[in-house]
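Going down the list, the sequences are from chains E and F. Position 139 (the first sequence) corresponds to 139 in the working numbering; numbering is contiguous. Position 148 (the second sequence) corresponds to 148 in the working numbering; numbering is contiguous.
The set of hints was computed from the structure by calculation and includes no laboratory data. The structure displayed is predicted, hence computed values, not measured ones. Note that CB positions come from ideal geometry on N, CA and C, so glycine has one too. Careful: at least some of the hints might be erroneous.
What the hints assert, rightly or not - Label pairs and their calculated CB-CB ranges: (1) Arg65/E <-> Val202/F: 19 to 27 Å; (2) Asn301/F <-> Phe209/E: 35 to 43 Å; (3) Ser196/F <-> Asp27/E: 28 to 36 Å.
2 protein chains.
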Amino acid sequence: SVSTVDALVAAREAAGHPERATVYMGDQGHVALRRAATTIGVRPECVRMIPSDGLFRMDMDALERAVADDRAAGFHPIIVCASAGAVGTGAIDPLEEMADFCEAEGIWLHADAAYGGFAAVTDEGKRLLAGIERADSIGLDPHKWFFQPYEAGCLLVKDASTLQDAFAVRPDILQDTIWGANHPNFGDRGMQVSRSFRALKVWMSVQVFGMAAFRSAVAKGIDLAARAEAHVRASPALELLSPTSLGIVCFRVNPEGAEVGEEALEKVNRTVLARVFWEEPALVSSTLLRGRFALRMCILNHTTEWDDVRETLEAVERFGREALAAEAAS
Amino acid sequence: SVSTVDALVAAREAAGHPERATVYMGDQGHVALRRAATTIGVRPECVRMIPSDGLFRMDMDALERAVADDRAAGFHPIIVCASAGAVGTGAIDPLEEMADFCEAEGIWLHADAAYGGFAAVTDEGKRLLAGIERADSIGLDPHKWFFQPYEAGCLLVKDASTLQDAFAVRPDILQDTIWGANHPNFGDRGMQVSRSFRALKVWMSVQVFGMAAFRSAVAKGIDLAARAEAHVRASPALELLSPTSLGIVCFRVNPEGAEVGEEALEKVNRTVLARVFWEEPALVSSTLLRGRFALRMCILNHTTEWDDVRETLEAVERFGREALAAEAAS
Chain E
1 SVSTVDALVA AREAAGHPER ATVYMGDQGH VALRRAATTI GVRPECVRMI
51 PSDGLFRMDM DALERAVADD RAAGFHPIIV CASAGAVGTG AIDPLEEMAD
101 FCEAEGIWLH ADAAYGGFAA VTDEGKRLLA GIERADSIGL DPHKWFFQPY
151 EAGCLLVKDA STLQDAFAVR PDILQDTIWG ANHPNFGDRG MQVSRSFRAL
201 KVWMSVQVFG MAAFRSAVAK GIDLAARAEA HVRASPALEL LSPTSLGIVC
251 FRVNPEGAEV GEEALEKVNR TVLARVFWEE PALVSSTLLR GRFALRMCIL
301 NHTTEWDDVR ETLEAVERFG REALAAEAAS
Chain F
1 SVSTVDALVA AREAAGHPER ATVYMGDQGH VALRRAATTI GVRPECVRMI
51 PSDGLFRMDM DALERAVADD RAAGFHPIIV CASAGAVGTG AIDPLEEMAD
101 FCEAEGIWLH ADAAYGGFAA VTDEGKRLLA GIERADSIGL DPHKWFFQPY
151 EAGCLLVKDA STLQDAFAVR PDILQDTIWG ANHPNFGDRG MQVSRSFRAL
201 KVWMSVQVFG MAAFRSAVAK GIDLAARAEA HVRASPALEL LSPTSLGIVC
251 FRVNPEGAEV GEEALEKVNR TVLARVFWEE PALVSSTLLR GRFALRMCIL
301 NHTTEWDDVR ETLEAVERFG REALAAEAAS
């Protein structure tokens, strides 16, 4: 979240810190994006939440309309935030189209790839994330899909001088840091002056395990999620709520042919979620997708095997049957 | 630095995020304060640097005039930052007077006590810092005078709801965090969502060593700095540049009766600083005080003894004599 604030400050300064600045993000974007925008002083009413398409990706037409309307009304669009992928579903916004649009409009493109960016170490991920390399800034959390302990936020920018221009300060008290200063001073490239050496653990784990291990661990997560989706599609008890993207599958208990109302379904699935939480060795989370309560399986632990995933899905089916029976009896 | 941004965002929101907001800080304040103000969207030309008095403390008359002038010109003063103590000299701004003023004016008072705040564990420090408890927010860095490893930034606020109002978000994806939620969620009280458990090391070290050990370590730093000042005052080779405050003494080589110009003095003292850095087991830093190059001794390591301080001061005197001789010969 801190790196997002750093990115947005750099973007704001690169745009000349105009009055009536507006920022755009998908309605599936991480709430940290919205909070980062208000942290840097963009007014809440100037943060535009752009609707998503049927696949939970940013709707380009809606984005283009919003920017055009704002310009006509005297606002200054300064930043577009892309999700790659979205925190709820893993959906990846149309990065190439967004990059084309932002280039043409002269707007900073920030890609929030906190979770999904590390898919780029695999061939399939590279294909899915095509266009991300054109963003002005990319946020990554190695403590997510790069298997690092908390915390290790990371920010990549196209042009390091944009951070330097926004943050560099040279106080009298640090004049001595000129000794040994033939390397970048990260205190000049973000809001933190006193910083722990977070990069060390990332570098060391790559040295120790090698990139091949990271590649195969990420690829395994993508593969297990695809198998989980196939299981959900084949299961008469389960309904897929969003297509698998990266390592995330969203689904719910909703047996074919069962006439269960939305309210009862939410109750049943909440019960299932609680039982998985308390009774199973797996952690399934939940989210809301267009108002529907979804079970969210995010597979990224490198020790997870197909049997773990299968057993969890079978537990969901079993808990679902029991909850539906209890619901019918009540 | 991150906690300062959190504090200023809370202050800005508490003030209703007015247009043309202005922020006030002493010219001895840490540069992180200035950067935090611009990070949250206050324009650089709306950050007022208030001059300091002869003791490097904020000049209250100048502060009052600046606020009155700004109000008359249609600006909205939202935050006054106090230093306790200032990073260069350890000087403590007039906290009681600033608290009176801010209360009367309805302006948020932020105390930057990153380094000096921990003096409050001693009786003398409590006396020196009187009034700090009236601030709306206090920044503390336990990795400074509370002997913690990097990093451990800390923010105290008078009213936790001011942080909550500024930062609380409840995204769909974190709806499950309601389980086990009968404790504060720090993700709602600052910009970080994923946070490492920094407080653990602080708590553990207090449990292991006891507060008495912390008290005596801080008191020793204050005492050694006072003895260092006495040594500087008594030394014919050294000149005190600011009175000792907390653990900091600023001084320079400038022998009594020697007719050495300011430019030569700076050159001599830079040479002395470099020799201490490369040849001595001590780290003396430097700063600029009203344009004069100052050696800055900040005594806070709990293993430092008087012999270490004395030997360092004697080395400064010796290096100073040699540098002056070389300067005279050139």
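Tested hints:
Under the hint 19 to 27 Å, the C-beta atoms of arginine 65/E and valine 202/F, about 51 Å apart, miss the expected range. Taking the beta carbon of each, asparagine 301/F and phenylalanine 209/E are about 37 Å apart, inside 35 to 43 Å as hinted. At about 30 Å, the CB distance of serine 196/F to aspartate 27/E agrees with the hint of 28 to 36 Å.
Going through the hint list in order, the structure does not satisfy hint 1, though it satisfies all others.
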